[in-house]
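Student: Work out the full structure, taking the sequences as your base and the hints as a guide.
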Amino acid sequence: MFNYSNKTALITGASSGIGEAFANSLAAKKCNLILVARNEAKLTTLAAELSAAYKVKATVIALDLSAPGASQALFQVVQNHHLKVDLLINNAGFATYGYFEQVSGARQHEEVMLNVAALVDITHAFMPDLLRNQDGGLINVSSTAAFQPDPYMAVYGATKAFVLSFSEALWAENRKRGLKVLALCPGATETAFFNVVGSSEASVGSRQTPNTVVTNALKAFEKGKSHLISGRQNYLVSQVSRFFSRQFTLGIVERTLRPRK
7 MFNYSNKTAL ITGASSGIGE AFANSLAAKK CNLILVARNE AKLTTLAAEL
57 SAAYKVKATV IALDLSAPGA SQALFQVVQN HHLKVDLLIN NAGFATYGYF
107 EQVSGARQHE EVMLNVAALV DITHAFMPDL LRNQDGGLIN VSSTAAFQPD
157 PYMAVYGATK AFVLSFSEAL WAENRKRGLK VLALCPGATE TAFFNVVGSS
207 EASVGSRQTP NTVVTNALKA FEKGKSHLIS GRQNYLVSQV SRFFSRQFTL
257 GIVERTLRPR K
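Okay, so the sequence shown: first residue is 7 according to our numbering, each after it adds one.
None of these hints come from the bench; they were simulated from the model.
A portion of the hints provided could be inaccurate.
To be verified - Here are the computed lysine to aspartate or glutamate pairs in the DMTMM-like style, where the Cα-Cα straight-line distance is at most 25 Å:
| no. | residue 1 | residue 2 |
| --- | --- | --- |
| 1 | K35 | E228 |
| 2 | K61 | D135 |
| 3 | K231 | D141 |
| 4 | K13 | D141 |
| 5 | K90 | E174 |
| 6 | K36 | E228 |
| 7 | K61 | D141 |
Owing to the predicted nature of the structure, the values given are computational and were not obtained by experimental measurement.
Tutor: This is the structure we're talking about:
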């Protein structure tokens, strides 16, 4: 189990979707919050609602985590507030979609910086806090896209494969040090994700709600699991590459994600 009461959780990408659902769920468990995203107005509204409803402290930090130096700036702001992080949830991220050479190179670079570099830098900065009392937690949001290459979402799939591998390595390093680490791998979820991607073709299978994903995630986290694929259908889809050749699997994925003419 994990005792959330009176601890402090830092959530990136907290202004909507899975990040917002984590904030609501943790506040209900009497966990104080540090809410991080670019949209300060949304964060401020959310913080006020959760503070009023659950009598928790909710600190707002508006940052673009893909910008150079943002991760260190985040750490410094948290230090300036004299806060210690007990649970870190790296949720911020986005995807691009289309033929690789036709997608903006600058946008794909930003995708790598947010999905990978910022996640690593933030984790490294706050790891001493998480290990402090031998009862900390780390949840990194990966994706079912991590389980095979993803044509037309090549960069996104690669970043999420990194997150899964990185998180499971940290789980193995820290499982006897009192730190719980979970790689959360949701499939298609009812969020603004597909609006950012700009195409519904990027959606595979039925979509779960953010609340369902978060409920499943916290159960797996509390049990000390290294990763969770949220949803039975998503689990089955992610296992295809175990039973067929990589080339055959890639053919299926390519046809599924192929842009419609």
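Student: Next step is simple, just say for each hint if it's right about the structure.
Tutor: Results for each hint:
1. K35 to E228: holds (13 Å)
2. K61 to D135: holds (24 Å)
3. K231 to D141: At roughly 15 Å apart (the allowed maximum being 25 Å), D141 and K231 satisfy the hint.
4. K13 to D141: holds (10 Å)
5. K90 to E174: holds (24 Å)
6. K36 to E228: With Cα atoms ~16 Å apart, K36 and E228 stay inside 25 Å; holds.
7. K61 to D141: Holds: K61 and D141 sit about 23 Å apart, inside 25 Å.
This entry satisfies every hint, going by the numbered hints stated previously.
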